[in-house]
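Note that the protein sequences, when read in sequence, are chains A and B.
Under UniProt numbering, the first sequence has 398 at position 398, and the numbering climbs by one with no breaks.
Under UniProt numbering, the second sequence has 157 at position 157, and the numbering climbs by one with no breaks.
Treat the hints with caution; some may be incorrect.
Capping the alpha-carbon separation at 20 Å, the derived lysine to any residue pairs in SDA-like fashion look like this [claimed, not checked]:
#  : chain 1 : residue 1 : chain 2 : residue 2
1  : A       : K184      : B       : V340
2  : B       : K439      : A       : T149
3  : B       : K143      : A       : K124
4  : B       : K80       : B       : Q248
5  : A       : K32       : A       : D390
6  : A       : K124      : A       : T80
7  : A       : K299      : B       : R191
8  : B       : K370      : A       : P42
9  : B       : K370      : A       : D390
10 : B       : K370      : A       : N114
11 : B       : K143      : A       : G286
12 : A       : K412      : A       : D272
13 : A       : K299      : B       : R374
14 : A       : K51       : A       : L387
15 : B       : K370      : A       : G286
16 : A       : K94       : B       : R374
17 : A       : K94       : B       : S376
Incomplete in silico selection of chain B near chain A, CB under 10 Å [unchecked claim]:
#  : residue
18 : D79
19 : L81
20 : A83
21 : K143
22 : Q307
23 : A313
24 : I373
25 : D428
Stretch by stretch, here's where chain A covers chain B in the computed footprint (C-beta under 8 Å, at least three residues) [as the list claims (entries may be wrong)]:
#  : region
26 : 43-55
27 : 88-98
28 : 261-271
Because the hints were derived from the structure by calculation, they are not lab data.
Using N, Cα and C, we set each Cβ at its ideal position, and we do this for glycine too.
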Amino acid sequence: MIRVVLATCFALIALPAAAIDIKEVTSPGGIKAWLVEEASIPFTALEIRFKGGASLDADGKRGAAYLMSGLLDEGAGDLTSTEFALAAEELALKYDFDAFSDGFSISAQFLSENRDASLELLRKAINEPRFDQDAVDRVRGQVLSIIATDDEDPNDIAGKTFASLAYGDHPYATKIEGTAESVKALTRDDLVASHQALLTRDRVYVGAVGDITAEELGVIVDQLLGALPASGPDLPSAAPFLLSGGETVVPYDTPQSVARFGHVGIERTDPDFFAAFVMNQVLGSGGFGSRLMDEVREKRGLTYGVYSYLALREHANLMMGQVSSSNDSIAEAISVIRDEWAKMAENGVTEQELEKAKTYLTGAYPLRFDGNARIANILAAMQFDHLPIDYIDTRNSKVEAVTLEDIKRVSKRLLKPEDLHFVVVGQPTGLDASN
Amino acid sequence: MRRLIACLLAPAMMAFPAVAAEKITTFTLDNGLEAVVLEDHRAPVVVHMLWYKAGAADEAPGVSGIAHFLEHLLFKATDKLEAGEFSAVVEANGGSDNAFTSWDYTAYYQRIAADRLDLMMGMEADRMRNIRLTGEDVETERKVILEERAQRTDSDPGALFGEQRKAAQYLNHPYGRPIIGWRHEASELSRDDALTFYRKYYAPNAAVLIVAGDVDPAEVEALAKKHYGPLEPTVGLEARTRPEEPPQRAERRIVYEDPQAAQPYVIRTYIAPERDAGDQETAAALTMLAEILGGTGQTSVLGRALQFESNKAVYTSAFYSGVNYDDTTFGVFIVPAPGVTLQEGEDDMDAVIAKFMEDGVDPEHLTRVKSQIRASLIYGQDDVASLGREYGAALTSGLTVKDVQEWPAILDAVTEEDIMEAARLVFDRKKAVTGWFRKPMTQEVSQ
Chain A
1 MIRVVLATCF ALIALPAAAI DIKEVTSPGG IKAWLVEEAS IPFTALEIRF KGGASLDADG
61 KRGAAYLMSG LLDEGAGDLT STEFALAAEE LALKYDFDAF SDGFSISAQF LSENRDASLE
121 LLRKAINEPR FDQDAVDRVR GQVLSIIATD DEDPNDIAGK TFASLAYGDH PYATKIEGTA
181 ESVKALTRDD LVASHQALLT RDRVYVGAVG DITAEELGVI VDQLLGALPA SGPDLPSAAP
241 FLLSGGETVV PYDTPQSVAR FGHVGIERTD PDFFAAFVMN QVLGSGGFGS RLMDEVREKR
301 GLTYGVYSYL ALREHANLMM GQVSSSNDSI AEAISVIRDE WAKMAENGVT EQELEKAKTY
361 LTGAYPLRFD GNARIANILA AMQFDHLPID YIDTRNSKVE AVTLEDIKRV SKRLLKPEDL
421 HFVVVGQPTG LDASN
Chain B
1 MRRLIACLLA PAMMAFPAVA AEKITTFTLD NGLEAVVLED HRAPVVVHML WYKAGAADEA
61 PGVSGIAHFL EHLLFKATDK LEAGEFSAVV EANGGSDNAF TSWDYTAYYQ RIAADRLDLM
121 MGMEADRMRN IRLTGEDVET ERKVILEERA QRTDSDPGAL FGEQRKAAQY LNHPYGRPII
181 GWRHEASELS RDDALTFYRK YYAPNAAVLI VAGDVDPAEV EALAKKHYGP LEPTVGLEAR
241 TRPEEPPQRA ERRIVYEDPQ AAQPYVIRTY IAPERDAGDQ ETAAALTMLA EILGGTGQTS
301 VLGRALQFES NKAVYTSAFY SGVNYDDTTF GVFIVPAPGV TLQEGEDDMD AVIAKFMEDG
361 VDPEHLTRVK SQIRASLIYG QDDVASLGRE YGAALTSGLT VKDVQEWPAI LDAVTEEDIM
421 EAARLVFDRK KAVTGWFRKP MTQEVSQ
């Protein structure tokens with residue numbers, strides 16, 4: 001590939017400007033859901049998200065939410081793990097349960113012809129997971145294998161080290177998968193508790209797109225979620241950011257160094273948020289023509305990929321980036337990045353860059369909107385992020401409204417080259433580790 | 001939860017490439033360019049893809065990586081555009097673009113508002129015949145591909161292991177060479193190497209155009225004639241034949257040890273027939289065999305026996321991808337449970353396969369797999385761009401539009417006996433490469 005495809009998990013979720021008719025549905029039981037009816041293909045995509053997720057792991061129980069997410073379909077109600085899988089195959093029901101640092105998601109796609117039976121199966125997984133000991137042990141084994149593999153991955157080591165230095169004792173400081181020790185110590189009771197704490201009605205958001213009416217969706221939502229606990233434990237408070245400028249080297253025997261870097265970022269609700277968003281498009285969106293890509297890759301050939309991003313999370317907002325470069329050139333790559341950070345902090349962007357970024361961002365916006373599953377995801381994400389239902393219609397004008405002055409102001413405020421901390425994993429030459 | 005295989009193995013496993021037959025139009029230009037148009041009018045988006053019937057397996061010996069390197073260089077200058085301008089124009093129009101190289105093809109694509117198709121085609125046609133490479137661009141970009149290799153292969157013991165296994169699988173066929181190139185060869189690739197490959201293969205008679213999205217097929221054809229129509233084909237482009245494999249006479253075994261090999265596993269790949277035009281039945285049976293043996297953990301033969309009935313494995317799977325120009329492979333994979341050695345894991349896997357060869361296919365299991373295939377025809381309509389990718393890969397791997405359209409029915413017609421016959425054909429240890437992946441054993445031995 002000519003370039004890395006950016007992982008979008010931290011990227012701003014952009015929304016389409018296309019004509020899209022979102023209905024807010026309130027179920028008979030009082031749960032809200034957003035719906036787009038689209039009957040041309042006989043299936044429905046459903047996306048359910050709960051706030052909290054792995055950030056609700058109890059003290060000493062890191063990895064509980066993650067392991068729990070792998071167990072909902074491993075025996076539920078009257079079905080064993082195998083019986084559940086057989087039934088899902090027969091119905092061609094597609095589903096996924098996923099814990100992430102700020103939430104828990106349930107994604108499902110079901111055929112119209114198999115709707116009732118598919119939903120009954122999902123209901124069991126969501127409401128009546130069995131957490132049989134043999135299933136717990138089996139899935140725990142898979143998680144331990146994933147942890148062991150991640151522990152040898154330079155990218156993962158960089159991310160993990162950055163988080164542990166940055167976040168103190170906040171849940172963000174450790175990986176959601178947990179450590180081998182914490183996962184080995186998890187009991188069935190811990191998983192039951194995690195399920196009770198995470199899947200609650202007070203913080204659930206639902207998006208549905210497909211061959212389904214508002215009335216039908218209301219019934220379905222109650223069927224799937226109506227019997228869940230009304231509320232869960234408090235969410236964590238804001239995370240601290242403990243890193244100051246400098247570099248931390250994690251020695252690792254590899255020909256290429258990986259660097260994760262960042263400093264404090266900006267909140268989505270900040271009046272200058274859109275200016276920051278447009279600014280980052282120019283600085284390090286990862287596309288050709290972004291300054292970091294241009295300077296580090298196109299002019300100097302120091303990397304295959306370099307990018308920066310606004311990392312928006314519930315309890316911390318950072319301005320982050322990543323680069324990989326051979327051990328003997330990573331120091332140069334870092335120095336170029338710092339220079340670009342400083343230049344943009346000082347001077348903002350040019351008129352031409354601003355126009356280019358706006359055209360791209362506003363033009364790309366409607367393209368996100370091309371599939372039931374994608375749209376269902378967006379609907380749930382919008383609610384999860386507390387965006388209004390008409391956000392789609394106003395988003396592009398917020399991008400358009402950003403001026404050169406706005407960007408200059410936000411660049412100066414946000415970009416602090418002296419505060420940037422680089423965690424470098426590898427055998428870099430020419431770097432003085434300051435930590 | 002992430003599936004374990006995603007952490008250990010790079011190759012994407014396409015379960016059931018299947019395509020709904022309606023809303024597909026095809027045409028061929030006089031200069032040989034084949035085109036497929038897939039309509040989806042739900043959103044004003046188009047994916048424009050140009051696929052070349054040239055990939056890493058078409059490279060001359062000694063210049064491994066040139067197909068991929070050239071892919072990078074196509075984003076540099078042409079007679080009409082400055083270096084980087086192609087992507088800049090795409091972005092300025094709200095689109096995104098990228099490209100990828102495989103053994104059998106190289107493909108370029110843009111995803112953009114449907115009314116910009118004209119512009120995209122104009123630029124893609126321009127760079128098919130008119131790139132203008134400067135020495136400096138070549139020098140800098142070579143550093144980039146070496147960084148890419150460092151990032152994706154050299155820093156990843158699993159990827160290095162995969163490279164070694166592939167090389168062992170193919171003694172003579174160029175599938176044994178990595179797409180990104182062996183480092184010592186990739187670091188010597190020149191402008192001339194790139195241009196030689198370019199002039200030969202980047203031509204309308206070696207290309208397939210795929211347009212998927214909110215478009216009118218007649219309009220697409222008119223635009224294709226306007227932009228691609230005037231391009232000269234490569235005259236005398238010979239039939240695509242690569243050096244063939246000699247008969248394999250003995251199993252090949254690799255023990256790959258690396259201190260960073262966190263999770264030990266065993267992977268075995270058998271040489272296997274690919275999907276051939278008008279002859280896809282064996283490949284269909286192998287596709288079903290992979291699903292039956294190693295599809296879903298809870299229901300597959302390997303998963304049930306080794307992850308459920310006994311706890312001898314953390315993970316098992318079987319995989320097969322039939323879209324290949326020449327012979328492909330059928331693979332089985334086991335991550336033994338802690339305390340189970342790789343030898344025991346391999347033996348366990350072989351014992352399950354041996355028993356399967358005696359017991360045969362559970363008819364109910366086959367019925368379930370087929371119902372999923374039928375469902376994938378419905379779900380697949382939700383992502384017309386990925387349907388387009390399936391057509392692109394198939395048409396550059398020796399298949400026709402008809403083959404792609406018939407594939408779901410051929411899968412549906414596979415019988416239990418077909419699957420067993422395909423299994424007997426493939427499961428021959430003499431045609432296999434068996435790989436062990438683990439940390440160096442010295443520490444454990446000297447306990």
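Consistency of the hints with the structure:
| no. | hint | in the structure |
| --- | --- | --- |
| 1 | A/K184 - B/V340 | holds (18 Å) |
| 2 | B/K439 - A/T149 | holds (12 Å) |
| 3 | B/K143 - A/K124 | violated (54 Å) |
| 4 | B/K80 - B/Q248 | violated (50 Å) |
| 5 | A/K32 - A/D390 | holds (16 Å) |
| 6 | A/K124 - A/T80 | holds (11 Å) |
| 7 | A/K299 - B/R191 | holds (18 Å) |
| 8 | B/K370 - A/P42 | holds (18 Å) |
| 9 | B/K370 - A/D390 | violated (42 Å) |
| 10 | B/K370 - A/N114 | holds (15 Å) |
| 11 | B/K143 - A/G286 | holds (18 Å) |
| 12 | A/K412 - A/D272 | holds (12 Å) |
| 13 | A/K299 - B/R374 | violated (50 Å) |
| 14 | A/K51 - A/L387 | holds (14 Å) |
| 15 | B/K370 - A/G286 | violated (41 Å) |
| 16 | A/K94 - B/R374 | holds (13 Å) |
| 17 | A/K94 - B/S376 | holds (10 Å) |
| 18 | D79 | violated (19 Å) |
| 19 | L81 | violated (12 Å) |
| 20 | A83 | holds (8 Å) |
| 21 | K143 | holds (3 Å) |
| 22 | Q307 | holds (6 Å) |
| 23 | A313 | holds (9 Å) |
| 24 | I373 | holds (9 Å) |
| 25 | D428 | violated (30 Å) |
| 26 | 43-55 | holds (count 3) |
| 27 | 88-98 | holds (count 8) |
| 28 | 261-271 | holds (count 3) |
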